[in-house]
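Single-letter residue listing:
4 protein chains.
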Amino acid sequence: MSLVCLADFRAHAQELLCKSTWDYIDGGADDSFSRDENIAAFKRIRLRPRFLRDVSEVDTRTTIQGQEISAPICIAPTGFHCLTWPDGEMSTARAAQAAAICYITSTYASCTLEDIVSAAPRGLRWFQLYAQPDRLLTKQLVQRAESLGFQALVITVDVPVPGNRRHDVRNNLDLKTNLLLKDLRSPKERYSTPHLQMTPIDPSMCWNDLSWFQSITQLPIILKGILTKEDAELAVRHNVQGIIVSNHGGRQLDGVAASKMLISQQEKMNHPTEE
Amino acid sequence: MSLVCLADFRAHAQELLCKSTWDYIDGGADDSFSRDENIAAFKRIRLRPRFLRDVSEVDTRTTIQGQEISAPICIAPTGFHCLTWPDGEMSTARAAQAAAICYITSTYASCTLEDIVSAAPRGLRWFQLYAQPDRLLTKQLVQRAESLGFQALVITVDVPVPGNRRHDVRNNLDLKTNLLLKDLRSPKERYSTPHLQMTPIDPSMCWNDLSWFQSITQLPIILKGILTKEDAELAVRHNVQGIIVSNHGGRQLDGVAASKMLISQQEKMNHPTEE
Amino acid sequence: MSLVCLADFRAHAQELLCKSTWDYIDGGADDSFSRDENIAAFKRIRLRPRFLRDVSEVDTRTTIQGQEISAPICIAPTGFHCLTWPDGEMSTARAAQAAAICYITSTYASCTLEDIVSAAPRGLRWFQLYAQPDRLLTKQLVQRAESLGFQALVITVDVPVPGNRRHDVRNNLDLKTNLLLKDLRSPKERYSTPHLQMTPIDPSMCWNDLSWFQSITQLPIILKGILTKEDAELAVRHNVQGIIVSNHGGRQLDGVAASKMLISQQEKMNHPTEE
Amino acid sequence: MSLVCLADFRAHAQELLCKSTWDYIDGGADDSFSRDENIAAFKRIRLRPRFLRDVSEVDTRTTIQGQEISAPICIAPTGFHCLTWPDGEMSTARAAQAAAICYITSTYASCTLEDIVSAAPRGLRWFQLYAQPDRLLTKQLVQRAESLGFQALVITVDVPVPGNRRHDVRNNLDLKTNLLLKDLRSPKERYSTPHLQMTPIDPSMCWNDLSWFQSITQLPIILKGILTKEDAELAVRHNVQGIIVSNHGGRQLDGVAASKMLISQQEKMNHPTEE
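Residue numbers (the working numbering), protein chains in the order written: chain R, -13 to 261; chain P, -13 to 261; chain A, -13 to 261; chain V, -13 to 261.
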């Protein structure tokens, strides 16, 4: 079987993975409406190609927060890569480095940040944070990422409560028993503390807490999961360096629009005459 | 089998119930267009979540006609609960009381109003009325509900003729032979009169009759089944305390819009700049 | 099997009829797009019911070209009823008389106009004409209908060439060998002339020919098949008494809009504030 | 089996052809979205027929670049007709001549231009060019077509890189080993040079190169594959004689709109009051 498109890789993965792992990766929240809408929204994009340009040489390089990448593409943060590949996030990091794009490493990586950095020392990486209710733990985690050379702090804002994923309930999925969440603790803590609970974002976190994050790190701060223009405006007012418009792959709150639609509505507002 | 969402409960019920009961509960009028549209319209709702608000404690309490409920949710009036559960509406009443929400009891409850009240004496309840052609019977029924502590009178307006439910015709469904319609008679009438015909709303009832209802009860009056802004305006002019925008679950007149669509069109009119 | 809706009758007919007859009745032209769109357009109609009106007595009577009918419903002209029922159009005429609605009899009726009139002498009937290239034959046919008491002349305008019905080609359908087209000849001609060719409307017929029709009959003239406002305006200018907006059941030119859509677009133009 | 519509011929062809040939002809690029959209867009066209016009004689003749054709229909350029019929493009040429329409012959015809001309010497033909990176080869090819009596030069602009056709990758389709690309070489070159690589359009070709084409031929130049009004305006400014709005059957860049939609949007701009 030749693997020539994403659908091929998807079918291949479904064959090889056990049901609970496949469901965890593939499933959306609740009715998976937003997950499906993400794909449908992409299909609604209409390209308007211009021809008779000299394209014998093309250059897709750009910069992101001041760093050069080979194309405007990043690997979004996702957890637990060891579920599907022995090397886990170390392989992901190597691939990103080889492609010269940015890899946003998840708080719930199944490899330690140290191992990920060692695997691909020249790669550009950002660190995605699920802010923990324990402020000290959060601070140590951010500063450890910063000292390891991660170039930005991506704070996920759309998980005040975990998404309601029915398939994980049906499968009795318990990621804690399958995986050691290594990265919430420094290497020396790893064997001295009991297993950590996988915790959601601190549900009390609010806009005013951003100044605390700005006080503990020099890294640019990116908010991930913004879905409204009102929140985008608040992000500007709170001096963050960027936002990631995302519905978490449709895995958090079902019923939100596809990110693509949000962006094109904004475009409509800015360029009404081009419609 | 774990029951983690409504679809699970629905499949479970279909397995356990006999065909004619299932069809009676699940089926819409005619082509079931409006029934299906009700569900489709919900899927078209797009949530616009705001993040970085402190949600460590949330409070969904509100009031309805002056009474506190734990969340803006009521149990809509539906008849014949004994078809699917031995305790019938007594169980429904207990559940509503436990959840601290309002239970709107149907004229066609299969338990007496007295038994329903006894089952959950502290629950908030409204009484849904199918106005009978016999005015005296209607008056006795309303006043009996009022004296039993029901807090509002919900008059259904969208059944001038019964909905055309093909499946019930095909199944030869005859609810009269299956169920004693206890609530149209007071407990003492129960064994002294022959079985009642299940009758539709009085088809001659019109806006001017509302003053008669207002003269026989102190309860706030809510009109259920309003589907046009013209009728909503008439409701205001006739001094009713509320309306319920509903297409009767798509079980009455097929071809009407989903209630959700009606409300969002109204929102559009009121907040045109937010679109 | 209980027959409680049109879909039931349709399934029943498909069971009983031979394939070529079923296909002839059920099929549309070309891709049957317009046929299917006719049904889909009906489903898109949203009713806006008003409630709390006294509907204990309702009266749907109205008049059409000055004649009273019990409801604003007519039986559209369709040919060859003997294909599906022994009595053919005589039964149709009896049903229309019993229901007190108007029956528009087709030029391609499989019973003679005389037999149809005898079967239901008190019924209201209009005569639908496929204008024949032979003017004399056309004139005799119109005047014969008029003298038999038909109350209006419905001239079909949307068959300058026969619709392209693939199923009839595949089935080698030949209506001429199956049916004696009795009505194109007067009773005395019936046995003296050879079988007639089933001919389409005269393709040279145009707006200016309407005055000729107006000169040979006192009947009101209705044009059937008008699909554009431009042609509707021309119809007014040529002093016809009415038009029937119809796409011929999607059996003539595939790709035209459903009649319902045409009408509602017109309504939009006339009542823009009601949308 | 009677072949009465395109769908019949399509099913018939799928039966007779080997899978890789069928896939090559039938498949679109990537997800085949644009290919499917081409068909869907045609179904969205609504005809607005006008009736009561004299259509006893109709004349669909028109001219294209000054030449008369029997109807405004051309055969679009497609390659490798020998894959599906022994005579290949010679049969196509005969059919076009018999129908008196224009046949646009592809650079990748599987018959030589000379054989095609011989097969139907009186037919109107245009030559479609994939400009080769080798300018001399390109010039010889254009001038050979001109001297053979082709009446216009259709330069394809939408293949700066070959379309990504997954099925061809899966089928290991190699057209070079199946077919001698005869037309890129003059007859005398045919046996003296090794097989040619099938090459895409020169990716460096741009608007300024059009003057070079205009210098090597007297033929009118038509650009095929224009998809934006910006490029259409540039075409006018560069003095080409025409454009063909086409998305290459959805076989090049997936995600572009159907050509029909592009045209109707333009119509909307030009005739806004007719909507």
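Take these hints with a grain of salt, some might be off.
Facing chain A, according to a computed beta carbon distance under 7 Å, are these residues of chain P, among others [as the list claims (entries may be wrong)]:
#, residue
1, 145
2, 149
3, 156
4, 159
5, 193
6, 217
7, 243
List time: in silico SDA-like cross-link candidates among lysine to any residue, alpha-carbon distance up to 20 Å [stated by the list, open to error]:
#, chain 1, residue 1, chain 2, residue 2
8, A, 125, A, 100
9, P, 29, R, 22
10, P, 29, R, 19
11, A, 246, A, 225
12, P, 29, P, 3
13, P, 215, A, 34
14, R, 215, P, 33
15, A, 29, P, 226
16, A, 246, A, 231
17, R, 29, V, 241
18, V, 246, V, 59
19, V, 29, A, 150
20, R, 5, P, -10
21, V, 246, R, 34
22, A, 246, V, 70
23, A, 29, P, 30
24, A, 215, V, 33
25, A, 29, A, 44
26, V, 29, A, 243
27, A, 215, A, 230
28, V, 29, R, 215
29, P, 246, R, 122
30, A, 246, V, 33
31, P, 246, A, 19
32, V, 29, A, 100
33, A, 29, V, -2
34, P, 246, A, 235
35, P, 215, P, 246
36, A, 29, A, 246
37, V, 215, R, 36
38, A, 215, V, 39
39, P, 215, P, 202
40, R, 5, R, 17
Source of the hints: derived by calculation from the structure; they are not laboratory data.
Where a beta carbon is used, it is the ideal one built from N, C-alpha and C, also for glycine.
- Query: Does residue 36 of chain R lie within 20 Å of residue 215 of chain V when you go C-alpha to C-alpha?
  - Reply: OK: residue 215 of chain V and residue 36 of chain R at ~10 Å, within 20 Å.
Check: Is the Cα-Cα distance between residue 246 of chain V and residue 59 of chain V 20 Å or less?
Finding: Holds, because 15 Å separates the two Cα atoms, which is no more than 20 Å.
20 Å limit on alpha-carbon distance, applied to hinted pair residue 246 of chain A and residue 70 of chain V: Judged against 20 Å, a Cα distance of about 45 Å means the pair is violated.
Quiz item: Does the structure keep residue 246 of chain P and residue 122 of chain R at a Cα separation of 20 Å or less?
Solution: Given pair residue 246 of chain P, residue 122 of chain R is violated - Cα atoms ~46 Å apart, limit 20 Å.
Pair hint outcome, residue 215 of chain A versus residue 39 of chain V [Cα-Cα no greater than 20 Å] = holds (15 Å)
| field | Given pair status - residue -2 of chain V, residue 29 of chain A, alpha carbons within 20 Å | value | Given pair residue 29 of chain A, residue -2 of chain V is violated - Cα atoms ~36 Å apart, limit 20 Å.
Given hint residue 246 of chain A paired with residue 29 of chain A - CA-CA distance at most 20 Å:
At roughly 10 Å apart (the allowed maximum being 20 Å), residue 246 of chain A and residue 29 of chain A satisfy the hint.
Checking one constraint from the list: CA of residue 29 of chain R to CA of residue 241 of chain V, max 20 Å. Satisfied? Holds, at about 7 Å.
Discussion item. Please verify whether residue 246 of chain A and residue 225 of chain A have alpha carbons no more than 20 Å apart.
Written reply: At roughly 24 Å apart (the allowed maximum being 20 Å), residue 225 of chain A and residue 246 of chain A break the hint.
Quiz item: Given the hint that residue 5 of chain R pairs with residue -10 of chain P, does the C-alpha gap stay at or below 20 Å?
Solution: Holds, at about 18 Å.
Below or equal to 20 Å on CA atoms is what counts here, so check residue 246 of chain A against residue 231 of chain A.
holds (9 Å)
Check: Is residue 215 of chain P within 20 Å of residue 246 of chain P, Cα to Cα?
Finding: holds (14 Å)
Of the numbered hints stated above, those contradicted by the structure are hints 1, 2, 4, 11, 12, 15, 22, 25, 28, 29, 31, 32, 33, 34, 39, listed in ascending order.
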